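Given the sequences, and given the hints that come with them, work out the whole structure.
Per our numbering, the sequence shown starts with residue 4, numbered consecutively.
If you are wondering where the hints come from, they were derived from the structure by calculation, not from laboratory data. Owing to the predicted nature of the structure, the values given are computational and were not obtained by experimental measurement. Please note that the accuracy of each hint is not assured.
Heads up, simulated EDC-like pairs for lysine to aspartate or glutamate below, C-alpha to C-alpha not over 16 Å straight-line [as the list claims (entries may be wrong)]:
hint, residue 1, residue 2
1, Lys224, Glu206
2, Lys185, Asp142
3, Lys224, Asp210
4, Lys185, Asp209
5, Lys224, Asp168
6, Lys185, Glu206
7, Lys185, Asp210
8, Lys185, Asp216
Label pairs and their calculated CB-CB ranges [what the hints assert, rightly or not]:
hint, residue 1, residue 2, range
9, Gly232, Pro88, 41 to 49 Å
10, Gly21, Asp221, 23 to 31 Å
11, Arg235, His198, 34 to 42 Å
12, Leu68, Gly232, 32 to 40 Å
We treat Cβ as the ideally placed atom computed from N, Cα and C, and that holds for glycine.
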Amino acid sequence: MPPPHTRATLVADLQRLGVQAADLVMVHASLRAIGPVEGGAATLLGALEDVIGVDGTIMMVLGALDDWDWVNQRQERAELLTGTPPFDPLTTPADPEVGALGEYFRTRPGTVVSNHPEGRFAAAGHLADELTTDVPWHDYYGPGSPLQRLVDRSGRVLRLGADPDTVTLLHYAEYLVPLPDKRRVRRHRVVIGRHGPEIRVIECLDDSDGIVDYPGEDYFKLILEAYLGESRGSRGSVGSAPSELLEAADLVDFAVRWMAGNLANIADD
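Spelled out as structure tokens, the structure:
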């Protein structure tokens, strides 16, 4: 069995991939794919901070654990949600689908978390407050969202062994692409209000099943594959994980064009 990865070896891997001082990076990572690391998640984040320095920023999507999400498939939502535990931006665990690194990052000292039960983000570093403060309630991945702020700040997407359909930034492209009749959803969540728990409604594009019924593979996966197929971004290994470093603005522009060309006929049907 090879020796575990160390902070120093991860620093070297990240630098070879192209991560630089003062970078703003949105991270999607599989700790399992990276392999054994001395010190685990703390070492990985420490290595990334060594590379980006005090002027850099780490950002992740968290979402939120929601044992009552099934209620949104029912008509009597408010009645079913009455008395259920409210979302708390500081204590509610991250959505398990984002992986163990996201939950570790959420609880780590110095991490700032946005106040949203669906589109919750976490950030640490120079731009953390700017990315997570006063986020939109509706269309939380759209204009004004942390995703747009990532693009506007020349941020980058750092994928460390993440599944190919895991590129949250592509939800922002869904808002920008000029397609008719994009599918929207309304969700009900219990949150902490001024006078205690209250039920609030969230309206947004459908970020679970897609803005259109696209046949076959997840179109986020196809967009990423097409993007990398044009030799865009940087590819390498961090630890044992196949990894990519992508320019956020370029990826969004590419995704908007791809969606316009590949989803338009479906949206018109």
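Evaluated hints:
For the hint linking Lys224 to Glu206, the alpha-carbon distance of about 25 Å lies beyond 16 Å, and the restraint is violated. This hinted pair checks out: Lys185 and Asp142 have alpha carbons roughly 13 Å apart, not beyond 16 Å. Distance restraint check for Lys224 and Asp210: the Cα-Cα separation of roughly 14 Å lies within the 16 Å cut-off, and the hinted pair is therefore satisfied. Annotation: proposed proximity of Lys185 to Asp209 holds, straight-line Cα distance about 8 Å (limit 16 Å).
This hinted pair checks out: Lys224 and Asp168 have alpha carbons roughly 4 Å apart, not beyond 16 Å. For a cut-off of 16 Å, the pair hint linking Lys185 to Glu206 stands: about 13 Å separates their Cα positions. About 11 Å separates the Cα atoms of Lys185 and Asp210, which keeps this hinted pair within 16 Å; it holds. A C-alpha spacing of about 10 Å is found between Lys185 and Asp216, which places the hinted pair at or below 16 Å, so the restraint holds.
In this structure the hint that Gly232 and Pro88 lie 41 to 49 Å apart at CB holds, the actual value being about 45 Å. In this structure, Gly21 and Asp221 meet the distance hint of 23 to 31 Å, their C-beta atoms being roughly 26 Å apart. Checked against the hint of 34 to 42 Å, the C-beta distance between Arg235 and His198 comes to roughly 50 Å, which is inconsistent with it. Taken as a hint, the range 32 to 40 Å holds for the pair Leu68 and Gly232, whose Cβ atoms sit roughly 35 Å apart.
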